[in-house]
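Trainee: Residue-level listing of the chains:
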Amino acid sequence: MQKDSSRQEGLSRKWEDIRRSWYKFSRNPLSIMGLVVICIIMFLAIFAPFVSPYPESASKFINFYEASQPPSSTYLCGTDVFGRDILTRIFFGCRFSLMMGATVLALIVPVGVALGLIAGYYRGSWLDTVIMRITDIFIALPPLILALAVCSVLTPGIFHAMLAISVAWWPWYTRMVYGIASSLKGEFFVQAAEVTGASRTHILFREILSNCVAPIFTKMSLDMGWVILIGASLSFVGLGAQPPTADLGSMVADGSKYLPDQWWISVFPAFAIMLIVLGFNLLGDGVRDALGAERG
Amino acid sequence: MNFMPNPLLEIKDLHVWFKVFEGILKVLDGVNFTVQPGEKVGLVGEMGCGKTTTMKAIMRLLPMPPAIIPKGEILFKGKDILKMGQVKLRQIRKKEISMIFQDPTAALNPVFTVGTQLQDAVRFAEKSGKNTEKEDIRTRAIQVLKEVSLPDPERVLQNYPIQLSGGMRQRVCISMALVSTNELLIADEPGTSLDVTIKDQILRLLKELGEKRDTSIILISHALGAVRGMTDRLYVMYAGSMVEVAKTKDLFAHPLHPYSQGLLAATPRLTGGGIGEGIDGRIPEYINPPKGCRFHPRCKDAMPVCKDKKPPFFKVDENHEVACFLFQNCR
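Chains A and B are the protein sequences, given in the same order. Per the working numbering, residue 204 is the first one in the first sequence, and the count goes up by one each step. Per the working numbering, residue 802 is the first one in the second sequence, and the count goes up by one each step.
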């Protein structure tokens, strides 16, 4: 009986926490806008085969009768030189971009965060030196250049592009978490936990990590935009997704040959990239507000 | 220094140095300290004299790259804590020694509820670890909260540290320490960040718990009044070493070391007369501490010998020892 009531109370408390976070998030109209933009883009991307007007345009499809049509009521964003509907390809391109962002973050966040925690907690030891000097080397190289280099060694393709971005991006998480962890390490509550006989894993992944969650999530939602941008850049120079895959970066690249006469071929995909990145940046600001830690 | 054959905790000639840019800070300079089973020991001294450093050394909480321990032993039940492996050390932290920090706000993780943290502590302390039933852990957590006289423990478990008042937080900290203490509780100025009435309550609570559970307590304070009512024996520390030790009553009645006398004189009395004169000067620089007795530059009774030799402990009577050359004939 008592067990039940305590569980219920716990649940209602969780719900209250969520509602409070939402309240803080929703106080900034820009974050709401970011959320709406991202939701719409995600919906369109996930259901691209059903919502796009000409799903066959997504891959190998040639219709020279309708090639290079300007935007009209039939083709809202016009068609490219093969007669494929640009709007459809944007939807499918968003799919790739989002997938790319999500995969890259899923790869790098656990690795980067774990390394940062370890290095921060053992600050001053050889572990710290090894991890952080390697991190420094990666940080010293501009991420785009590093990704380009990795990509050009591997055969071009979307998965190799993801790998390349991951290689270039993990150190930033390590650096951020390292900073937080090494300052939290001296906090009394960490020492208090040590005194109660907590294991290292407990201290690292519970006491310290729990206090890094807000910055990590904020950085993730901001980075989503960056990763997509870099992915598009790789595709733009031909190292990312290969034709005929619909990808925003390569669409911009393809269309750039026909600028400025057939502007719609590259301008609309470019606009889509901008919208995604902007959406994630606004969302990231909102997440930061929502997760802002309260200390007493 | 041995009054009894088997002390619970014995610190022998402990030196702790800190390596910093300016050189080496020789903070602890041969600390000798004993705690008997069930004994309540006080440790007083002005701020910066190494009280907390000593306690952190016992818990092995000193950040080891700047800190080094060139000499000394910390024997807990005859085993040297400083040479212990991680597993052994964790065992001791889990079950035997615990510490209460000055600032209860900083000692609780802000992102977890009290319940989560307290139940974690219970889980570490229970031998069976994961096998312990969730409900048992909760019951145990509620029980310790009741022990520290917190009203409505069920609700407190659901609260975040920020939702509690300072006194409640300190009670939670004490309850966490109780969970993992069987032998020795180190209370590092447990009332300093609280207001006077709450501080008094906390100290009474500690005293009560100490008596009920027969736990040894080390109470650190720079307030003599707090120590007076609570402890059996009292150490006075100055600039990294003990200068005097005696039964608390004796020490208050007849302080021998000039530093202890000054410390007592500086305490305001209820009987009036205002605040005493205090001791001129301040704690020396640890980079280049005075040779011989570290107190001699401030000592009104300093003799030539004080400048050259560090005074050993001289036994004045059975339970009263003092590290001062004024008493060298009492041996």
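Errors might be hidden in some of the hints.
[Stated by the list, open to error] According to the in silico footprint, chain B covers these stretches of chain A (three or more CB under 8 angstroms from chain B):
(1) 381 to 392
(2) 401 to 410
[Unchecked claim] Taking lysine-lysine and the BS3-like style, the derived pairs with C-alpha atoms no more than 25 angstroms apart in a straight line are:
(3) B:K827 to B:K896
(4) A:K388 to B:K935
(5) B:K1008 to B:K857
(6) B:K1092 to B:K827
(7) A:K388 to B:K1116
(8) B:K1101 to B:K1116
(9) A:K388 to A:K263
(10) B:K1000 to B:K827
(11) B:K813 to B:K935
(12) A:K388 to B:K1008
(13) B:K1101 to A:K388
(14) B:K935 to A:K217
(15) B:K813 to A:K388
(16) B:K896 to B:K880
(17) B:K1013 to B:K1116
(18) B:K857 to B:K827
[Unchecked claim] Chain B residues, not near chain A, derived (Cβ > 12 angstroms throughout):
(19) D830
(20) E897
(21) F902
(22) D904
(23) D921
(24) R924
(25) A978
(26) D1015
(27) H1023
(28) K1048
(29) F1053
(30) A1066
(31) R1070
(32) I1080
(33) E1119
(34) N1130
Hints are computed from structural coordinates only; laboratory data are not their basis. Even for Gly, the Cβ is constructed at its ideal location relative to N, Cα and C.
Trainee: Hint by hint, say whether it matches the structure.
Mentor: Each hint, compared with the structure:
Closer than 8 angstroms: that is the beta-carbon criterion, and the region 381 to 392 of chain A has 4 residues meeting it against chain B, so the requirement of 3 holds. Closer than 8 angstroms: that is the beta-carbon criterion, and the region 401 to 410 of chain A has 5 residues meeting it against chain B, so the requirement of 3 holds. As the CA atoms of K827 (chain B) and K896 (chain B) are separated by approximately 32 angstroms, the hinted pair breaks the 25 angstroms bound. For a cut-off of 25 angstroms, the pair hint linking K388 (chain A) to K935 (chain B) is broken: about 29 angstroms separates their Cα positions.
Pair hint K1008 (chain B) plus K857 (chain B) holds up; C-alpha atoms about 22 angstroms apart against a cutoff of 25 angstroms. Proximity of K1092 (chain B) to K827 (chain B) is assessed by CA-CA distance (about 12 angstroms); at most 25 angstroms being required, the pair is judged to hold. The straight-line distance between the Cα atoms of K388 (chain A) and K1116 (chain B) is roughly 43 angstroms, outside the 25 angstroms bound, and the hint therefore fails. Distance check on the hinted pair: K1101 (chain B) and K1116 (chain B) sit about 22 angstroms apart at the alpha-carbon level, within 25 angstroms; holds.
Annotation: proposed proximity of K388 (chain A) to K263 (chain A) is violated, straight-line Cα distance about 56 angstroms (limit 25 angstroms). Distance check on the hinted pair: K1000 (chain B) and K827 (chain B) sit about 33 angstroms apart at the alpha-carbon level, beyond 25 angstroms; violated. Of the supplied pair hints, the one linking K813 (chain B) and K935 (chain B) is violated, its CA atoms being roughly 42 angstroms apart against a limit of 25 angstroms. Between the alpha carbons of K388 (chain A) and K1008 (chain B) the distance comes to roughly 31 angstroms, so the proposed pair goes past 25 angstroms and is violated.
The straight-line distance between the Cα atoms of K1101 (chain B) and K388 (chain A) is roughly 43 angstroms, outside the 25 angstroms bound, and the hint therefore fails. Between K935 (chain B) and K217 (chain A), the direct Cα distance comes to roughly 19 angstroms. Compliance with the 25 angstroms bound is thereby established for this hinted pair. Distance hint between K813 (chain B) and K388 (chain A) is unfulfilled; the C-alpha atoms sit about 29 angstroms from each other, more than 25 angstroms. For the proposed pair K896 (chain B) and K880 (chain B), the alpha carbon gap of about 15 angstroms is at most 25 angstroms, so the pair holds.
A hinted pair counts as satisfied when its Cα atoms are at most 25 angstroms apart, and K1013 (chain B) with K1116 (chain B) does not qualify at roughly 33 angstroms. For the hint pairing K857 (chain B) with K827 (chain B), the CA-to-CA distance comes to about 16 angstroms; that is within 25 angstroms, so the pair holds. With a cut of 12 angstroms on Cβ distances, D830 (chain B) stays outside the contact zone with chain A, its closest approach being about 24 angstroms. Against chain A, the non-interface label of E897 (chain B) is violated: not every CB pair exceeds 12 angstroms, the least being about 9 angstroms.
For F902 (chain B), the non-interface assignment is contradicted: its Cβ lies about 5 angstroms from the closest Cβ of chain A, within the 12 angstroms cut-off. Its closest Cβ contact with chain A, about 6 angstroms, brings D904 (chain B) to no more than 12 angstroms, contrary to its assignment away from the interface. The non-interface label for D921 (chain B) is inconsistent with chain A: the shortest C-beta to C-beta separation is roughly 7 angstroms, within 12 angstroms. Residue placement check: R924 (chain B) does not keep its beta carbon more than 12 angstroms from all beta carbons of chain A (closest about 9 angstroms).
The Cβ of A978 (chain B) does not lie farther than 12 angstroms from every Cβ of chain A; its closest approach is about 8 angstroms, which violates its non-interface assignment. Even its closest Cβ contact with chain A, about 21 angstroms, leaves D1015 (chain B) beyond 12 angstroms, as expected for a residue assigned away from the interface. With a minimum CB-CB distance of about 19 angstroms to chain A, H1023 (chain B) clears the 12 angstroms threshold, and the non-interface call stands. At the 12 angstroms boundary, the C-beta of K1048 (chain B) stays outside the reach of chain A, the nearest C-beta of that chain being 29 angstroms off.
Once the 12 angstroms rule is applied to beta carbons, F1053 (chain B) is consistent with being away from chain A; the minimum gap is 31 angstroms. For A1066 (chain B), the requirement that its beta carbon stay farther than 12 angstroms from each beta carbon of chain A is met, with the minimum near 33 angstroms. For R1070 (chain B), the non-interface assignment is confirmed: its Cβ lies about 34 angstroms from the closest Cβ of chain A, beyond the 12 angstroms cut-off. For I1080 (chain B), the shortest C-beta to C-beta distance to chain A comes to about 30 angstroms, beyond the 12 angstroms cut-off, and the non-interface label holds.
Non-interface call for E1119 (chain B) relative to chain A: holds, since the shortest CB-CB distance, roughly 35 angstroms, exceeds 12 angstroms. Chain A leaves N1130 (chain B) outside its interface by the beta-carbon criterion, the shortest separation being 44 angstroms against a cut-off of 12 angstroms.
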